[in-house]
Amino acid sequence: MPFNGKSGKFNAAIRTVEIGTGDKAVKLGGECVAPLYSFDAPIENAPKVGVLITDHGFENESEGIKAYYEGCSNWGEIAQRAAAMEGADFLVLKFDKADPNGENAPVEDCLAIINEVAAATDMPLVIAGCKNAEKDAEIFNKAAEALQGKNVLIFSAKEENYKGVAASAVLAYGQKVGAESSVDINLAKQLNVVISQVGVDMGNIVMNVGTATAGYGFEYVVSTLDRVKAAALGQDDAQLQMPIMTNVGDETWAVKESTASEADIPAWGPVDARGVNMEVATAMAVLASGSNAVILKHPTSVATVSKLIKELM
Amino acid sequence: MALKGLDIFKLTPKTNCKECGSPTCMAFSMKVAQGAVDISKCPHMSSDAMAALSEATAPPMKTIKVGTGDAEYSLGGETVLYRHEKTFVSKTRYAVRVNAADVDAKMAVIDNVDYDRISERMHVEMVYVDYTGEADYAETVKKVAGKGKTIILGCTDVAAAKAALDVCAAEKPILNGATAANYAEMVEVAKAAGVVLGVCAANIDELYDTTKAIEGLGYKELVLDCTEGTIKDTFATAVKVRRAALAKNPDRTCGYPSIVNVAALTADTTEQCGLASLFTMKYGSIVVMDQMTYAEALPLFGLRQNVFTDPQKPMKVETGIYPINGADENSVCVTTVDFALTYFLVSGELERSGVPVNLVISDAGGLSVLTSWAAGKFSGNTISKFFQENVEDKVKSRKVIIPGKVAVLKGDIEAKLPGWEVIIAPNEAAQLVKFLKDMQENGEI
Amino acid sequence: MLITMSLERGLKAMLINRIFNGNDAVYGLTVGAIDAAIAEHGADKAVGFPDTAYCLPCYYAVTGVKVKTLGDLKEAVGVVKTLMTRNHELDDALMSGVATALCAEFIEALKYIDGAAPYAEPCYGHLSDAIIRTLGVPLVTGDIPGVAVILGSAPTAQEGVDLIKSYQAQGILVALVGGIIDQCEELGYKTGAGLRVVPLGKDVTSVIHIVSVAIRAALIFGNVTPGDAGALLAYTAQRVPAFVNAFKPIDDVILAAGAGAIKLGFPVISNETENIAEVPGALIQQLDTAAMNATSLEARGIKIKVTNIDIPVAFASAFEGEIIRRGDMQVEFDGSRVDCFELVQSKELSEIEDHKIEVIGPEIDEFEVGSKHSIGYVVEVAGKNMQADFESVIERKFHSYINCIEGVMHTGQRDMIRVRISKDAYAAGFRAKHIGEVLYAKIKNEYDAIVDKCQVKIYTNPEDCTKLRHELAVETFNKRDERLNSLTDEAVDVYYSCILCQAFSPSHVCVVTPERLGLCGAVSWLDAKATNELDPNGPCQVITKERVIDERTGAYEDVNEAVKKFSQGAVEQVTLYSIMEDPMTSCGCFECICGIEPFSNGVIIANREYAGVTPLGMTFPELASMTGGGVQTPGFMGHGKHFIASKKFMKAEGGIERIVWMPKELKETVADRLNKTAFELYGIENFTDMIGDETIAEDPETLLAFLTEKGHPALGMDPMM
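Protein chains in written order, with numbering that gives the first Met the number 0: chain A, 0 to 312; chain B, 0 to 444; chain C, 0 to 720.
Only chain A is shown next, with the shape it has when bound in the complex (with noise of 0.2 Å):
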């Protein structure tokens, strides 16, 4: 007698997101399973992985990373240089310069990198902010005018911020939004409620639960994933079937793991590899947990992150 288990698949699906347009254009969510559980029923869209790049340029990342880019001279090249990673599926810009509390960079010049990049690449463009929630409302609104027809992700509206981004990105340019939350159903639902309250039909949103590395209160990420999505299929809510996406790699390069030198410590050995496994580590259990989409930095990440994607579809 053959073991005989039920299959995992629901009557209910995630909702799909397109972002960007043409040939390169990216669809996110469609599943009627559990996280990768393509052997429950196909899984539609394969989850999908994204590049970040910070305006910040690559000055104080890992050596792998500088020498990645090494030799590109403009946001344009540096564009192009992270389109050509394989595995990658589309390209995160992302402004911490801008934070008030910070350097401060003028819109302007976020607005620069954002035209420079867009005219270089046709990869479905995602575009992040600081975290400081004003000055975001204002990169975001006019990034989604500069990118008008591109379909581009705006990443994220957050409580503080969620009418004026969303009202300007999806309903005056078109574009496509990101509804950020801390890690916990209750308020990421109702940051969609109120987000759809504006007028975004829910299928224009992605959803940013937020994470942490591995080791990092990590196990408050998987339980809000794993309930987002039991929520979202086993219970058919629909204020909860938005696709996912995560920006692993901002968090897990922050950490001691990734950035101690080997010269501080020298029994961890390289930068690279510890900051490699974080990523590639975080990225495949956010992934497990059901994120749709996950933002690396690395190109070893990238690589490895969408082979094994690859390999459980």
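Calculated directly from the structure, the hints in this document are not laboratory data.
You may find that some hints are simply not true.
[Said to hold, decoys possible] Here are the simulated DSSO-like pairs of lysine-lysine, each with C-alpha atoms no more than 27 Å apart in a straight line:
1) C:Lys247 <-> C:Lys164
2) A:Lys8 <-> B:Lys231
3) A:Lys96 <-> B:Lys433
4) A:Lys130 <-> C:Lys304
5) A:Lys26 <-> B:Lys231
6) A:Lys5 <-> B:Lys433
7) B:Lys376 <-> C:Lys663
8) C:Lys563 <-> B:Lys247
9) B:Lys161 <-> B:Lys146
[To be verified] Just the calculated beta-carbon pair ranges, DEER-fashion:
10) A:Glu107 <-> C:Lys355: 40 to 50 Å
11) C:Pro535 <-> A:Glu261: 53 to 63 Å
12) B:Tyr114 <-> A:Glu85: 29 to 39 Å
Since the structure is predicted, the reported quantities are computational estimates derived from the model, not experimental observations.
Backbone N, C-alpha and C fix where the C-beta goes; we use that ideal spot for every residue, glycine too.
We have chain A already, so just place chains B and C on it with the hints.
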């Protein structure tokens, strides 16, 4: 469906005889219902009641013990598929794979990774000794024995396995080598040596049938090797087996811990690390890899430490003074709660500020700032008491920065901690960097 | 009565006639202008506004038809004619208003033929799509709280400019049409889109350019399908907070245009008195230009966010814990010695002048340094969604608000308050009236969902304080307490869910009822109700209780559905009053746990503070480990302390008579209320004397002996299991 405590209580003798070790029959029943105590601890249960209860209270997934002494580990015994439902009880254990060719080299560095992280020792717990057809497999095993590692014998050759067990049976290894072809002999070998037997197969049906057959021979000290030809099939089997084991109508033939050999799925160590993460999340009781350097250990042990926690009990860090950015006795103090998430968040921002500070963590019951404040565990009393007993003799600075969310404590702390100046931090950790830098620039700290 | 009715009818007929006349006049002009244009340019001549993708936006939005040529326009004006029905009903008049607006759009469009630039500085005329996209976002977010359209000439230029200024100060976008533009120029008042004051044009037809903004906003931000007039009107009425200030004289044409505005949901406020009638909520008279702002905002339901607090010292949570010692104190108000109180009272909207702050009695300047005085502050609030039940919810926040003022300390509540003001704060200029400013600003800010208007009266005369304390404040407090006591589960129509703790306890849902507050002890039914009103998508949601399954156990289909939904399916059914059958789950923050004690046929209760062992052989943490986490454990339940004395406490199993043991400290805390309930329910006096505690028994046998000796009623009750 697990039995409720009251249903169990009804079957107890209700005499509060205390012979089970619990003060009352009710307390005993509740512990049994939680799976904390075995029903057989009650000496006065009628045999009918016992039979009814053993079946109902038997966990759907067996807890299998392997190894001895410090290297004894429990595998399996899970009751849920998701950690938010109930705590995952048995951590994933990582094994390094060795064989005759590389055993010396690998064993030489195996203890390079050995460190503490939030009160837990992190090191390679198991070694998987791969049989490669060598004549003297037992010799290879000998090089691993007695090193404080739980041994897994990856060997489907009955004779070789027998010989290997001769040198290591006392350490309670796992004999991962029963197949559809050899299981009858392997059961005999495992039984004789008193060790746990691993079941290997090409696919899930074969795995299931072989396990069923072994159960038929009366042996239930098993682990199921879910490794198959591809990553996809391996993942599918690991998930399907666990899902069937913990289904509403549990399939007890699936109710055993699992082994996933990611080293057999890819040679690339980065991919192995990614897969180890995947199988830590999804149902690998033992994950076998080619190496465990710090590059693997840092993410995987961190992940495991997070995932295998009580969803209702936040992780706590130890109380004390944590100097950051080279702080000394003259550096300002920053205080917050012992909730691990808060600690990591705050210490990360403090590090980013570059400003030397002494981070003082007192016992706040492992709760977040506002929760512990509301529960009275992070109050003027607790903070001032901790400072008087643990900080005042070690730090000369008399300035302490408290979380913005409990600004209300300022007056109280200043009243109870004479000589100290209390400074209010911003509400969010993310604002700490600018706050500290500004204070430093203005010469306030 | 009959006379007033016929008068009203007469006025309405007059109004309708005037609108029809105005509409006919504009229609005639439009047909003439279109014919003339066709004669000059031919029917194929292109017509339209520059920089818009919506052709003639108003006509396109209403009909779904894109007008591109003069020939199209000729056809369109024919369609407009069909709107001009002439039944003497208000609706016909309003549709004629819409027809008038569309005619205005046609006339304006003709001005742009051949790429002409019909408008010169400072007038804008047509506004481009790009401007709408940039204005639309702040309109959606509420950063632009409203749109004022000022039409005609104010009584004086200064009054006109002052009105514009008042709107600007509130962030409201102002559009100008006609004489008001000249009045601005006369006084050199700066205008421009950047300043959010947009002169459109001097002809009355130019008003269509701001209507066009509202309508394109509906198309762009409201996803309204062109041609879906119903959805369009609903969007402008609900989402575009516009209104019209029309200065006299109001001729028939302006009146007809005004009818169009009213149809879109924009009220018209005017100082005209001749040949006009008020239509409540739509056409409103306000003779005082200075009061037009307030009248308009109230009519359109626009609330202005209060962002800064106008006081001479800092206001921040950092000062919440500040202690002001006797020596540093300028003056003290001490409710324990003299009459003091604080009070929130709900009033009618018409009774309140927003942001009025009065100090009745001497200011602090007149008090000696270090002296003690009376104070009473009454905060009067009004709002469409305000309910008397929210008074206490708002009032409870006063403590935190006042404490956040630098140099001010506040303790207590109701009529037992103490307020100290420091010498430094006084020197910086802080006075009693500033307490009013703080309360006003915080309430308007945090409770904007329920408070539309707010005024503060601060009494500092001892006689006033004594009188008001006893006659007003204490009366109110007594009434509130009575209400709270009479608030039973049966007396209300809905309960509330609370999922504040789901971060820790994913499957737990609290069902909060009047007699069973949240098990953390912190969320009462009133709190949950206010939380729901303030944040309708927040943690507290309404649960109906219409479909009873079992009165005895408190089982409802509605409650079960809600619990299942909010626990994401983890918990399927709960009862409100039973600990044996589907007891309510617990998160882990419960104040107390009750658990069945089979030997005495009752329950024991342990509170979180109790460190010892209970007669069950378990400690509080042991009990908590099996009760928390959102799982149902029959026989055990977490709850708040307050619930112990409730008549609903395990009502299904016989109620509080079942309580056989509590820690001494807990027993003492709840004794008065518990004894009262026991007497009311069973006629038992001093019930707590029959209840064991840790000084009497820590094991079931000793407890049973004690209960037998006392004749505890639980021993004679039906078995619990």
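The hints, checked one at a time:
1. Annotation: proposed proximity of C:Lys247 to C:Lys164 holds, straight-line Cα distance about 20 Å (limit 27 Å).
2. With a C-alpha separation of about 17 Å, the suggested pairing of A:Lys8 with B:Lys231 holds against the 27 Å cut-off.
3. Between A:Lys96 and B:Lys433 the CA atoms are separated by roughly 14 Å; this keeps the pair inside 27 Å, and the hint holds.
4. Taking the CA atoms of A:Lys130 and C:Lys304, the gap is near 24 Å; set against the 27 Å cutoff, the hint holds.
5. For the hint linking A:Lys26 to B:Lys231, the alpha-carbon distance of about 22 Å falls within 27 Å, and the restraint holds.
6. Between the alpha carbons of A:Lys5 and B:Lys433 the distance comes to roughly 54 Å, so the proposed pair goes past 27 Å and is violated.
7. The suggested pairing of B:Lys376 with C:Lys663 holds, with an alpha-carbon distance near 22 Å, which does not exceed 27 Å.
8. Only pairs whose Cα atoms come within 27 Å are accepted, and C:Lys563 paired with B:Lys247 is accepted, the gap being roughly 19 Å.
9. With a CA separation close to 20 Å, the supplied pair B:Lys161 and B:Lys146 stays within the 27 Å bound.
10. As the Cβ distance of A:Glu107 to C:Lys355 is approximately 45 Å, the hint placing it in 40 to 50 Å holds.
11. Between C:Pro535 and A:Glu261, the C-beta spacing of about 54 Å keeps the proposed range 53 to 63 Å intact.
12. A hinted range of 29 to 39 Å for the beta carbons of B:Tyr114 and A:Glu85 is consistent with their spacing of about 34 Å.
The structure does not agree with numbered hint 6 stated previously, though it agrees with all others.
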